[in-house]
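Protein sequences appear in the order of chains A and B.
The first sequence: position 86 = 86 (my numbering), numbered continuously.
The second sequence: position 21 = 21 (my numbering), numbered continuously.
Any given hint could be a false lead.
Said to hold, decoys possible - Computed, partial: chain B to chain A, Cβ under 10 Å:
#, residue
1, 92
2, 105
3, 109
Said to hold, decoys possible - With a straight-line cut-off of 30 Å between C-alpha atoms, the simulated DSSO-like cross-links for lysine-lysine are:
#, chain 1, residue 1, chain 2, residue 2
4, B, 61, B, 49
5, A, 24, B, 99
6, A, 68, B, 99
7, B, 99, A, 78
8, B, 99, B, 68
9, A, 24, B, 61
10, A, 78, A, 68
11, B, 49, B, 99
12, A, 68, A, 24
13, B, 49, A, 24
14, B, 68, B, 49
Hints are computed from structural coordinates only; laboratory data are not their basis.
Every value quoted in this text rests on a predicted model; they were computed, and no experiment measured them.
Just so it is clear, CB atoms sit at the ideal spot from N, CA and C, and this is done for glycine as well.
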Amino acid sequence: DAGVIQSPRHEVTEMGQEVTLRCKPISGHNSLFWYRQTMMRGLELLIYFNNNVPIDDSGMPEDRFSAKMPNASFSTLKIQPSEPRDSAVYFCASSYGTADEQYFGPGTRLTVT
Amino acid sequence: AQSVTQPDIHITVSEGASLELRCNYSYGATPYLFWYVQSPGQGLQLLLKYFSGDTLVQGIKGFEAEFKRSQSSFNLRKPSVHWSDAAEYFCAVGSNDYKLSFGAGTTVTVRA
Chain A
1 DAGVIQSPRH
11 EVTEMGQEVT
21 LRCKPISGHN
31 SLFWYRQTMM
41 RGLELLIYFN
51 NNVPIDDSGM
61 PEDRFSAKMP
71 NASFSTLKIQ
81 PSEPRDSAVY
91 FCASSYGTAD
101 EQYFGPGTRL
111 TVT
Chain B
1 AQSVTQPDIH
11 ITVSEGASLE
21 LRCNYSYGAT
31 PYLFWYVQSP
41 GQGLQLLLKY
51 FSGDTLVQGI
61 KGFEAEFKRS
71 QSSFNLRKPS
81 VHWSDAAEYF
91 CAVGSNDYKL
101 SFGAGTTVTV
111 RA
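Kindly produce the complete structure, drawing on both the sequences and the hints.
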């Protein structure tokens, strides 16, 4: 099993640009999570999908952030427009079931200048 | 709401020495407890988990953790650390829903 796949691994962009992060969960998992990790705030849950449906997006910082899961094998997290304070490592994780262990991808390190 | 406290921000240990990382949780019911490890530039890898049953849980890489309900703790231990154990360790608490609450993490440095 390839594990959770995220792309790109690193992204450097200028303020105001659109950024799209991608995630392929582990096959057969029906729960998908997007997290953001910063030194100041640690790991924060941004949004949770179950069976491709967004269940909880209360962690999404503001309207500039959006996430989609068009099918069971693909999800995107989009930031438009990006701001320097969005610089962080963004992780995607998946699990089988809601209360099971979560498997994390390698993360995308986003730098907004 | 559930929460996790990892009292130690940074621990330095000699190679071959024992290691114990502390984790205290707050949750009203029986929690699901996890320890994850994050190496630099990597994602989080599950070391072990506790859902129910035996309170002493064995994990990968020679780690174990003990659930103590009376102390609301789930401390991680390893009898003899290797240089490759240098990483950041996160304790997390979950429940019957999907949310995991992570601690702030403990960075472990291993000296030769």
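Hints, one by one, checked against the model:
1. 92: OK, holds: residue 92(B) within 10 Å of chain A, min 8 Å.
2. 105: holds, 7 Å
3. 109: Violated - the Cβ of residue 109(B) stays beyond 10 Å from chain A, reaching only about 17 Å at its closest.
4. 61(B) to 49(B): holds, 14 Å
5. 24(A) to 99(B): holds, 20 Å
6. 68(A) to 99(B): holds, 19 Å
7. 99(B) to 78(A): Holds: residue 99(B) and residue 78(A) sit about 22 Å apart, inside 30 Å.
8. 99(B) to 68(B): Between residue 99(B) and residue 68(B) the Cα gap is close to 22 Å, so the pair holds against 30 Å.
9. 24(A) to 61(B): Holds, at about 27 Å.
10. 78(A) to 68(A): The given pair, whose Cα atoms are some 8 Å apart, holds under the 30 Å limit.
11. 49(B) to 99(B): holds, 15 Å
12. 68(A) to 24(A): holds, 12 Å
13. 49(B) to 24(A): holds, 24 Å
14. 68(B) to 49(B): holds, 14 Å
Consistency with the previously given hints fails for number 3 only.
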